[in-house]
Structure formats: structure tokens, C-alpha cells
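Undergrad: As a plain string of letters, each chain reads:
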Amino acid sequence: MLWETIIGLEVHVQLATKSKIFSGASTSYGSSANEHACAVDLALPGTLPVLNERVVELAIALGLAIDGNIAAYSTFARKNYFYPDSPKGYQISQFEDPIVSNGRLKIVAENDLKIINITRAHLEEDAGKSVHDEYADVTAVDFNRAGTPLLEIVSEPELKNAKEAVSYLKELYYLVTSIGICDGNMQEGSFRCDANISIREQGAEMLGTRTEVKNINSFKYVERAINFEVSRQREILEDGGKVSQETRLFDPEKNETRAMRTKEDAHDYRYFPDPDLPPILINEAQIDKVRATLPELPWDKRARYVEEYNLSQDEASMLANDYSVSNYFEKCIGESTLSPKFVAHWIVGGLFSLLNKHSTTISFSRVSPASLNELLAKISRKEISANAGKRVLGIMWETLRDVDKIIDEQELVQISDDSVLQQSVDEIVKGFPQQVQEYKDGKEKILGFLVGQVLKQTRGKANPEIVKTMLERILKA
Amino acid sequence: MSISSKNVEEMARLARISINSKDIPSYSEQLSKILNFMNEMQSIDTDTIEPLAHPIEEVNATRADVVTEADIRQNEHQYANHMLDDFLYRSQSD
Amino acid sequence: MHDVILSTVSALKEGLLSKKYSSVELTTEYLDRIKTIDSSTNSFITVCEEAALRQAARADELIKQGKAGILTGIPYANKDIFCTKNVRTTCGSKMLDNFIAPYNATVVEKCMDAGMVMLGKTNMDEFAMGSSNETSFYGRAKNPWDLTRVSGGSSGGSATAVAARLAPLATGSDTGGSIRQPSAFCGISGLKPTYGRVSRYGMIAFGSSLDQGGPMAHCVEDLALLLSVIAGHDHRDSTSNKRGPENFCRHLNKSVKNKVIGIPKEYFSNNLNPEIHLIIDEAIKHIEKLGAKIKDVSLPSTSLVVPTYYVLASAECSSNMSRYDGVRFGHRCEDPNSIEDLYERSRAEGFGDEVKRRILMGTYALSSGYYDAYYEKAQKIRRLVKNDYISVFKDVDFLIGPTCPSIAFHAETFTHDPVQMYLSDVYTVSANLAGLPSLSLPAGFSQGMPVGMQITGNYFRESELLSLGHAYQTNTDWHNRYTTQKLGK
Chain X
1 MLWETIIGLE
11 VHVQLATKSK
21 IFSGASTSYG
31 SSANEHACAV
41 DLALPGTLPV
51 LNERVVELAI
61 ALGLAIDGNI
71 AAYSTFARKN
81 YFYPDSPKGY
91 QISQFEDPIV
101 SNGRLKIVAE
111 NDLKIINITR
121 AHLEEDAGKS
131 VHDEYADVTA
141 VDFNRAGTPL
151 LEIVSEPELK
161 NAKEAVSYLK
171 ELYYLVTSIG
181 ICDGNMQEGS
191 FRCDANISIR
201 EQGAEMLGTR
211 TEVKNINSFK
221 YVERAINFEV
231 SRQREILEDG
241 GKVSQETRLF
251 DPEKNETRAM
261 RTKEDAHDYR
271 YFPDPDLPPI
281 LINEAQIDKV
291 RATLPELPWD
301 KRARYVEEYN
311 LSQDEASMLA
321 NDYSVSNYFE
331 KCIGESTLSP
341 KFVAHWIVGG
351 LFSLLNKHST
361 TISFSRVSPA
371 SLNELLAKIS
381 RKEISANAGK
391 RVLGIMWETL
401 RDVDKIIDEQ
411 ELVQISDDSV
421 LQQSVDEIVK
431 GFPQQVQEYK
441 DGKEKILGFL
451 VGQVLKQTRG
461 KANPEIVKTM
471 LERILKA
Chain C
1 MSISSKNVEE
11 MARLARISIN
21 SKDIPSYSEQ
31 LSKILNFMNE
41 MQSIDTDTIE
51 PLAHPIEEVN
61 ATRADVVTEA
71 DIRQNEHQYA
81 NHMLDDFLYR
91 SQSD
Chain Y
1 MHDVILSTVS
11 ALKEGLLSKK
21 YSSVELTTEY
31 LDRIKTIDSS
41 TNSFITVCEE
51 AALRQAARAD
61 ELIKQGKAGI
71 LTGIPYANKD
81 IFCTKNVRTT
91 CGSKMLDNFI
101 APYNATVVEK
111 CMDAGMVMLG
121 KTNMDEFAMG
131 SSNETSFYGR
141 AKNPWDLTRV
151 SGGSSGGSAT
161 AVAARLAPLA
171 TGSDTGGSIR
181 QPSAFCGISG
191 LKPTYGRVSR
201 YGMIAFGSSL
211 DQGGPMAHCV
221 EDLALLLSVI
231 AGHDHRDSTS
241 NKRGPENFCR
251 HLNKSVKNKV
261 IGIPKEYFSN
271 NLNPEIHLII
281 DEAIKHIEKL
291 GAKIKDVSLP
301 STSLVVPTYY
311 VLASAECSSN
321 MSRYDGVRFG
331 HRCEDPNSIE
341 DLYERSRAEG
351 FGDEVKRRIL
361 MGTYALSSGY
371 YDAYYEKAQK
381 IRRLVKNDYI
391 SVFKDVDFLI
401 GPTCPSIAFH
411 AETFTHDPVQ
421 MYLSDVYTVS
431 ANLAGLPSLS
441 LPAGFSQGMP
451 VGMQITGNYF
461 RESELLSLGH
471 AYQTNTDWHN
481 RYTTQKLGK
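Chains as they are written, first to last, in our numbering: chain X, 1 to 477; chain C, 1 to 94; chain Y, 1 to 489.
Check the hints yourself; a few may be wrong.
List time: in silico DMTMM-like cross-link candidates among lysine to aspartate or glutamate, alpha-carbon distance up to 25 Å [what the hints assert, rightly or not]:
(1) Lys22/C with Glu334/Y
(2) Lys22/C with Glu25/Y
(3) Lys129/X with Glu57/C
(4) Lys79/X with Glu9/C
(5) Lys22/C with Asp353/Y
(6) Lys394/Y with Glu57/C
(7) Lys18/X with Glu296/X
(8) Lys289/X with Asp404/X
Derived list of chain C stretches under chain X, where covered just means 3 residues or more per stretch with a C-beta under 8 Å from a C-beta of chain X [as the list claims (entries may be wrong)]:
(9) 21 to 29
(10) 54 to 64
It should be emphasised that the hints constitute simulated quantities derived from the structure, not laboratory data.
Keep in mind that this is a model prediction, so the values were computed, not measured.
Built from N, CA and C at the ideal position, the CB exists for glycine as well.
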């Protein structure tokens, strides 16, 4: 039996505003419980919502970036359901007239570009947080998050497997962070994904029953959750059973999805237009205003890096996707005459290893663009070797000291004086007759070993190109 | 058209209001009367009419993205009955 | 001091400014009356004696310094639907019996800023759902003209308080007639402003697209004074109209000559009580004598307005009531064993029967499979109602008819027949559906009970509406009558 998988993704993006979508309380994260839950957020009797104009701008930005249709007339609706973290007993969302519709996102699927259509993106408010483990027998609720603005982005069910799904999510993530509508902090819940998954026999017309796996907040987990769920459904169907339509949660520790313990059948949300919020009318002038301030989109940036700077696709991706990396990179090349390809190589090769080693991100880099430029200038002028440069970079990170001072102290100034180098080369040729013979016998690769010995003897200070030339002259003679 | 006991139970479930089983018949009776009354609306054809959600057609009521609300946790309406320590609200576990 | 309590607000202002009495003395007079009389009328749920006297003292200071505004030092009462900071706000319900609001409704804030003195919070139908004040958790407010009859609702307490002279002014709210009907039943004047004229922030929501707060008083001039204080744009209410505060007293004396009054034929069918028919006819003739022109008009959607209103109001209320879940405030059941139990029992215990019925009906009207036939259908009829008015207002300036099809009924008349109670709103609900301003004025007596005349105006034309009402009251004295019932112990 051959099966095909059909996946649709709903991503909840927290919009980066100072205050909430319908109240003037702060959206900042990590404060003490209920510090930022004002009367409106707590749904106290008599309170009313007022729309934050910034969320409209941010939604328009997303709409433009995905080439979608921005609604000229958009309305809010109440989605009615009871849950302790939902103070009004309904969520203000959008139903009939979402602010954005009919967009698309290009992703890489099996080395090919694939277009995933985005049905709609609509505005809604986030709920509070239930705290289950602090008190025995009691669930506590913190409403700080209640009212945080969300943009729910809904894709068509066009993704065929976990890899495509992750590809789509990552591209969407790069987009929303690059254009500044979301801070991208997945640990804090800024970007959450619900996956709708179903399978059917290849060639079948009807869609299979789908399940929804909710609130996954890491790309790794999305991949694992989808793979688990697809296997689970396949097993059921191959055994002759039926997949139940239900909502599930992914447990990363057990690497499985589990049905949520809801007592009732599918929700009847009883959507109706929210009488407390008049419609929004959006005109061309407003859209133009947002368009004028829209930053470069990640795919345009990647293409530009390849075209203008001659970077490889991989390098371009690594530098363009994360906006804080691209900011850093562009600052480096903007403030120096260094070749962008050279800078790219050093950021990807050198700086990234340090970031990984110290488990941190470029926003917290202990080497600034200016300092990196200083170092790279010296390497570029061959004042120190590339190897030495790597060491200096590491020491710059540890000690935060000046490039010049470190080079002096470590005596890393590259030796380019021919006579000094010649002396060392002669010694190495004398000292490794076996390897010299191997080279003469045709094993050309052994040259690298000999160059390495010279470098070792000169404590990394020899200029490796000159050493190589010298060795070749001697050995080929 | 009428509202059956089953309807009453379903609506009560959706609205999270517990109703004694002995009261269900009287709810069913009263609500059926009300429903019949509401059904008078069906006597008129409205196929070509646009629904009216707001009586006065206001648009675009927005506010600037500024933090205006301070911490209200110390206010009098916080009763011991509703709050735990650390200003968390007390809900109930499943 | 007996004359004082029979005065209009303008006369009270005079008295304060000319130092005949102080605000503290005036306030004390009303507080004493409440103590003596309210046990028989049950208008107040909460009386704020200390706070009122403090506010009165502050007002006296302002008056002394020559800084008095249009209502400084004047005592008034707030319907218990308006949140009042640090003061219990019950909305007539057990659900909020222990709720102390942490903030003021905008209406209350404006009255405070104007230097008014709040005597207390008045009785009302639970969550504003009712037309008799009988659904109140605190017992019904009793009509001062006949204590065995209802005050009307849902602003029954405010109407009773003003009629019994326990407060010269009061605020009310009107969703389907809740200011106008009790005003008519109790023989006072009441205005439902245009939707969006008065902020709904802090006014506990029942039917959000229908609710509007407004003034209740003896005469139109007093209504104009209070409206001038409470009306105006509020950025906290997205449905609040952008028009700023206005002085509604400025054009009170404008002539009504050549104004055109429309008489909807559907309001004067053969079913209308003949005595009420007569009284309204008399009132219309009176207005004609003042120079207005009378024209017959038609509002064809009238036969459908009551069911339409009840579908929309119930639907909106079913959603507005969901926040009362026992978690953050309000009534909470004892020892819940699960979250569902917490919700279901807190709500079952906290809400009365009428509220429960409307929540269930509203839930039904919005539920999957029924939305089109009920909620959406009602919205379409609402459009027709509005269109009827737009059409009619091309030819007329005002519409006049009875406020209610009957005089105040005896208590418990409709306890077992909610639909009959709903039908008594036939003349009032249309103005809420369309969002138009509508006024009820005392126009006569039938069987010893007051009868009200309703005048509806075009959008945002409260000034004109009030000048017509004022002209009528300058030439009649129904609004000056006082009950012959012995009130108090």
C-alpha cells in the first residue's frame, strides 16, 4: 500500500508591539505573575477592547511580504469557548474578513523550489498561561500573556512530508524575524506551530481524517511529531482501523503524540461579529506607507548575496536568513573595504564556531563587527597567517582585548622574510627524508605535511604560501 | 419547532451552566415558547438583505502602541477566594 | 425642606449658588429621606453615606471658590450597572454580590469630575435583563404610585428613586427600553441617547450593540444637564462616537413651529389600550398647538422587532456572560472538584432564571446549524428596521407614540410567561435596533398610574429632541406630579 501525507500548518506569530492588541498593558515577558494583566486583560465587568494600530501595520507588512491580498475591509469576531486561560470565555479573533488572504511562500523541497499557498493570516489575542505544577490539586493562572497580539498564518494543506513542513516553517520564521514583526524567541512562545496531518492512499481523491498536533515550539519537534503521527496513522489504517479526528500534543521526552484530554466532541465556537469593535478600513496610502519601510526580504537578500558578493548558496543562506547575522555581516562589509566573500568565510568559519562553542547567538557576540574588521584587515594584508588569525579571534573572544595587543603578545606576526623561511624549509627537508622521497615518487599530497612541519617549527608564523613555493622549488629540482 | 431536553442539555453544556435534571422539562417548555416567538422572524423574506452588525457605522477605532496601564494587583477586588500567593489566580485542575 | 425635594435641578443649583443651603445639607436631606422611605420602595442596593457627604463637602468648597460647574454639588444616583471604584457594583446579581470595582465607569468619572454627589447604587433587573425589576437578586423596586405594582425595568431602582424624590437625578441604561419604560411607569422623564453618544466603558455589558447609558430625571431640562455631563467621545470605548461633549441646554427653548411629527400607524393599532390611546392623542394635539405639523407614517417592520431584538440581545448576552466563571472575581461555588464543576456550579448558583434562559437561547441562536436562521436573520431584519427609519426621517423630524402598551402591571403578573413580558417592549426596542435617540415623558394618568409618551429623533439630534420635550413640558405639568401613596414606615 502506498500512502501520501497531507500537511497543513497554522503558525501563531506573536507580534512585536509594546502594548497588547486590545489594551494598554505591557507585552514584556518574564515579569511576575499578573503584573501586566490590566482590567481589560482580566475581563473585569464593563471593560472594552480598543485595537492597537501597530498590529494592523505589522499584519500589512506580512501581507506584502507574502504577496497576499490586504483586505480593504476587515472585521473582528468572537470565538466562544471556556478555558481557564481565556478570561472572557471568548477569544477576539477574525472569522469572515481576515486582514490578509491568498499569499504564498516559496520553499526548497527536494532541491526544487515549491510554492506553498497561504490561505489567510488573521489577527487575534493570545490567552493567559495555566500553571499546573506549582500548587497541589490546583491549577493557577497567570494572565500576563492574555491579550498579546497574534497573527495566525494558515497554509493550504500542500506540504507532503516533515522536511517540507520544517522548510516552510523556517522560511516563514526567517521572514517574520527579518521584517521585524516578531522577535523570534521560540523559547518564550513567540512562534508556535499547529500541524494538521492526514494520510491517504496514493491516487485517492478523498482526504483522510486529520488530526491536529498543537503548540509545537521547535523545528526539531515539528519534524519528530509529524513523522510519529504519520507512522501512527499508517499503522492504524493498515490494521483496518479508523483514525479519530482529535487534537493531540507532542511529548518530546517520549517522542510521541498523545490525544488531549478534552471531554467533548468538536468545539462549536459560535463565531459572530464582535459588537465592541468596529471594522477596519485599509486604504492604498496606508499600504504604501508600510511598503516603503519594509526591510529586504530574506529570499531577496540571499539572491543578492549570491549575485553581488559571489557567495555560495549555503553561505548566503547562513548569512541572510537570520537578520541579526545579516546585520552583523553588512556592518562589517559596510565599514571596511574587505571582500564580502572573505568576510563571509570568516563569519561562517570562525565566528560561528565560537558562537556554537559558547552556546550563544550573534547578538551576544563578544567580538564586534569593528573588531572583526580589524583582525580581518591584518589577515588580508598577510600580517598574520590565517591560522594565527583563528587563534587571535579565539583570544579576542576570551579576553576582549585589542587585536594589536594580542598579536604582539602572542608573537604571531607572520614571518615573510625569505631568508628566515628558507632556513626553516631547509631544516625540514633535511629532517624528513622519507616524506621528501614519497613526494618525489609522486605522492604530491605529502607536500601539505611538510608545509605543516615548517609551520610547526615556526610556531605558526611562517607564511604558508611562501613556504609551499619554496618547498616545491627544492623538491622538484 | 421546539427545544427538546437534549437541546437543553447541549446548550447548558456549551454555556457551562449546570441544570438539575428535574428542571430540564420546565426549561424545555419555556425555551420552546420563546423559540416559537423568535420564529416569527421567518415570516419575512430577507434573502437580498445585508446583515447589520453595528447600528451606527463607525470604523477604525484604534489606539497608539503605548503602554498605559500600571500594575493593578493590589486592588480591593482581589479576594482571598480568587487568588493564591504570588498573585496567581486560582483555577481548578481537571 | 419639603419644597427642596420637589424642586427641579435648576432650582437646586440656584439654591446652592445663592447659599440658601449647602450641598452637605442637601445631600443629608436626601440621605435621610432614603433612610425613611426606601424600605418601602427598595430603590437602592447600596447607599454611600460617608462618601456622599465627603463629596458634598468638596463640592461646597468649589462653590465657595466660585468654581462651580453645571451640576456641582447636586446629589444623584447611579444604576448599579455602572462600575464605581471601591464601591460594591452588583448589577442586581448574586454573581457580583461581593464585587468591588477597581475602577470607575467613564460615566461615573465624568459625574465625579463635574462635582456631583453620588448617593448610592440603584436597584435593577439582574444584568439588565428584564422589564420589571423583578429579576433583581435584591428584591424588586416598588412603584411609588402603587407599591403593589412594578417599577418597570431594568432601570427600575433609578426610576423609583427619582419618582419618590430620593434623588433628583439618576443614571440608567437602555438596551430594549430599560430607561424609557420604567420612566413611563413611574411618571418621570428618561432619555436613551443615540448609540455611541455616551461611553459604555465600565457599564457592565448585556447587549453590546444595543446598550446605551442615559439620564433619568423629572423634567427635560434636568435630562439636558446630566446628558451634557456624561456624553462625549471616550477612547476606551471603540463604539463611542467621535463627537465631543456638547451643551444640550443651549437650544432648549427653541421653537417647535413647523417641525414635522410622524405618527407610526403600527403603534396605534386596534389592540392599543383605549385610555392610553386617548392620552397620547391628547399629547399629540398639544404639540400640534405649539406649531408642529402632524403626519401619518408607517414603520412596516414593527411586527417583527420584538423577536428580532430578543434574538440579538440573547446572542450577545450569552457571550458577554461567559466571563462570569468564578475564577477571577464574583461568585465562586464551594469545593469544586474539577474546572468544569467550578464553572457549571458557580454559574448555576450565581445567575437567576431569566439570565439563564437568555444565555441558553442566545447560545442556541448562535450555534452551528441555527446561526443563519436566528442570529443572521435577526441582523437582516435589523437592517430593515434601520432602513424604515431612514426612509421615514426623510419626511419627518420626530416620531411619537406610547412608550408602553400598558400601565405598570402588578408584581408577578408575568413570572410564568416571559414571552408576554417581552411583548411589552414593542414600542421601545426599535430605537435600540436602529441606534436612534428616544425620549419618554409623562403624558397623563390611567387608573391612577402614569402613562408615558415616547418621542424618537434622528441620529445625534438630542438637542432637537430635548427642545421638543421641553416645549411640551413648559405647557403641561404631568412631570411635576408626586404620588399620593404614603411611602416609608
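Undergrad: For each hint given before, does the structure comply? Return the numbers of the non-compliant ones in rising order.
TA: 2, 3, 8 and 9
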